[in-house]
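Counting with this note's numbering, you get residues 1 to 679 for the letters of the first sequence.
Do not take every clue at face value.
Stated by the list, open to error - Cβ pair distances, simulated, as ranges:
#1 ARG415 with THR529: 21 to 29 Å
#2 GLU672 with GLU504: 38 to 46 Å
#3 THR529 with SER189: 54 to 62 Å
#4 SER553 with GLU672: 19 to 27 Å
#5 LYS533 with ASP570: 48 to 56 Å
#6 SER292 with GLN557: 20 to 28 Å
Said to hold, decoys possible - Once the Cα atoms are required to be at most 30 Å apart in a straight line, the calculated DSS-like pairs of lysine-lysine come out as:
#7 LYS559 with LYS546
#8 LYS591 with LYS663
#9 LYS559 with LYS536
#10 LYS559 with LYS501
Simulated from the structure, these hints should not be mistaken for lab results.
Since the structure is predicted, the reported quantities are computational estimates derived from the model, not experimental observations.
Don't be surprised by glycine CBs; every beta carbon is placed ideally from N, CA and C.
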Amino acid sequence: MADFEPGSSFIPALYKPPSLLPIAQHRESLQYAIETFPVTVVIGQTGSGKTTQIPQFLDQAGWCSDGKLIGVTQPRRVAATTVALRVAEELGCEIGKEVGYSIRFEDLTSTSTRIKFLTDGLLIREALVDPLLTRYSVIMVDEAHERSISTDVLLGLLKKIRKRRADLQIIISSATLQAEEFLRFFTQSGDDKSQPAKEAVKEETGTIISFEGRTYPIDILYLDSPAENYLEKTIDVVLSIHEQEGSGDILVFLTGREEIDQAVQAISERSATANSHSTGLQPLPLYAGLSSEEQMLVFDKTPENTRKVVFATNIAEASVTIEGIVFVVDCGFVKQRAYNPRTGIETLTATPVSKASASQRAGRAGRTRPGKCFRLYTEDSFTNLPEANVPEIQRSNLAPVVLQLKALGIDNVVRFDFFSAPPSDLVAKALELLYALGALDEYGKLTRPLGARMAELAVEPMMAKTLLASHSFGCTNEILTIAAMTSLDGAVWFHHDGERKKMETSRRKFAVEEGDHLTLLNAYQAFVTKGKKETKFCHENHLNYKSMTRAVSIRNQLKRYLERFNIPVDDAMTFDPQDPARRTQQDPARKAEKIRRCLTSGYFAHAARMQPDGTFRNVAGGTILHAHPSSLMFNRKADWVIFHEIMETGDKTFIKDITKVEKDWLFEYAPEFYQLSTK
DNA sequence: GAGCACTGC
1 MADFEPGSSF IPALYKPPSL LPIAQHRESL QYAIETFPVT VVIGQTGSGK TTQIPQFLDQ
61 AGWCSDGKLI GVTQPRRVAA TTVALRVAEE LGCEIGKEVG YSIRFEDLTS TSTRIKFLTD
121 GLLIREALVD PLLTRYSVIM VDEAHERSIS TDVLLGLLKK IRKRRADLQI IISSATLQAE
181 EFLRFFTQSG DDKSQPAKEA VKEETGTIIS FEGRTYPIDI LYLDSPAENY LEKTIDVVLS
241 IHEQEGSGDI LVFLTGREEI DQAVQAISER SATANSHSTG LQPLPLYAGL SSEEQMLVFD
301 KTPENTRKVV FATNIAEASV TIEGIVFVVD CGFVKQRAYN PRTGIETLTA TPVSKASASQ
361 RAGRAGRTRP GKCFRLYTED SFTNLPEANV PEIQRSNLAP VVLQLKALGI DNVVRFDFFS
421 APPSDLVAKA LELLYALGAL DEYGKLTRPL GARMAELAVE PMMAKTLLAS HSFGCTNEIL
481 TIAAMTSLDG AVWFHHDGER KKMETSRRKF AVEEGDHLTL LNAYQAFVTK GKKETKFCHE
541 NHLNYKSMTR AVSIRNQLKR YLERFNIPVD DAMTFDPQDP ARRTQQDPAR KAEKIRRCLT
601 SGYFAHAARM QPDGTFRNVA GGTILHAHPS SLMFNRKADW VIFHEIMETG DKTFIKDITK
661 VEKDWLFEYA PEFYQLSTK
């Protein structure tokens, strides 16, 4: 094939008017399958109606007659709510009655609920209280092909539950051709994975049903030689699509914010100077870091004679669907997170996409009519891509997962029947940390009450430990706030274009000498007291209002957990180094020390020491760490510190949310840990 | 002196 010639290989498509949603035709075979086999794998494109229709069929077929629920899990909160709303509408009932949903902070279900949509993470938490999920007659795991950690854990749990509950109907729904793999997982015996499942067993246990989605043909084009610079190539291709192709919007997949902003700028400049065309090109960015208002712009209808080109990250691969996309440009890369169990450092690196990912991206072009996908790599490179993404559970810090499994009664995590087993060094690293935190004893058993309580708290293990230790340090109230604020993952401060300096000034107003954790505490307390939780206060102080209200919710939820554990929380005892009235009541420096000591008792594994050159070294000494520019410790003097997060991006390793501590405290709160690692 | 794809309890 010659170099890109959009227009040269256009395939005229035969337009077939869709009669009914295809799933209606498959209703009978679905009902037969579900009544014959305990496990059904459903293949169907997004938009085939499987998510909304299947639960209704099941309800009509009497699966809720004995007061049991049909549970449908989703990997994302928005999906759970929007799908629930649609099904309620289709059934003509009020949301929360017969059809409801349950996500963190929002439970819209009642005693009359028969169909319940929920996130898979929440269903796992329900299993902590009701290990056999006895309230459900059917569980449908939707979007299983996305292979999130929660989905993978849930699949393992469901397989285990099925051995004790023959009456439980399981439906796995997936968009790709991993169906055989899902079915094999549920049909083979968990004790001997080396033996292929006997056909007879397979026949009795499960079946696969395919729902042909309403899709349109997509013409896929490759480069004939690799692009030297895919960003430049992207701009070229977008411009030539605009000049040579018929109408339709363009979706471009890039890897991150920087690239996207560059591309948007390049297109604005180039289309401003290109006067030849009657129609304009409107470039729009789409990535998670944008405010929701900015994100919403991609859904706006373009003016007459204007073609929309959306430059997006992977957010547009599964989470966000934009109607009217006819052309897709795929750079072939994605920024992927991985975890190095040896160093305990997470990395974020651009990696080639998988074939599954590439076809998902291409599929975004054919939702409303025939489309085209321009892959900015050769057909040869495509052939060499991995079939599927490495599942998240095989490249993450597993401490939260292992703790959760232990709390679910799975003592031998290594023998747990994972859909994809995580590498043993990841599991070992997680066990090591959980032992150091006191969540597990020397036999690897969950400790009580500490480990069990840590598993219940909706924060990561190190923060859970900090929170549960806070009472003995006399700073529960403050740690609750810090836990809530660090859960926001950095979305605290907010600024519009060109206002970064102003934001920095605002942030300095809340700055506390001891570090970021106390600064976050300070900002939160100003928000709830001086700011009276108002948007105006946030605006003036460059705080993200949505994040701050979320922090209030998270804090309340965590507080309720502590109260359930009979850990007293005194909301009146607030720390405020800037309020002179309080300063006389209690010595803020002493309070700050309690908080810093308490943080050390949970974050001792995240300690570092500043070097004369201003960079940090971890305790082992081998890794050069940099204070992230968002940290107060960026360009400030310190000695020993603990930090909330560590991540390697590009060629640097950054630490974020940093607080000054004393070296002695590390030995005081984690003697065993530091003895071991200094050997 | 400078930056992070995405999701979830």
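Exercise. Which numbered hints does this structure break?
Worked result: Per hint list: 1, 4, 5 and 10 violated.
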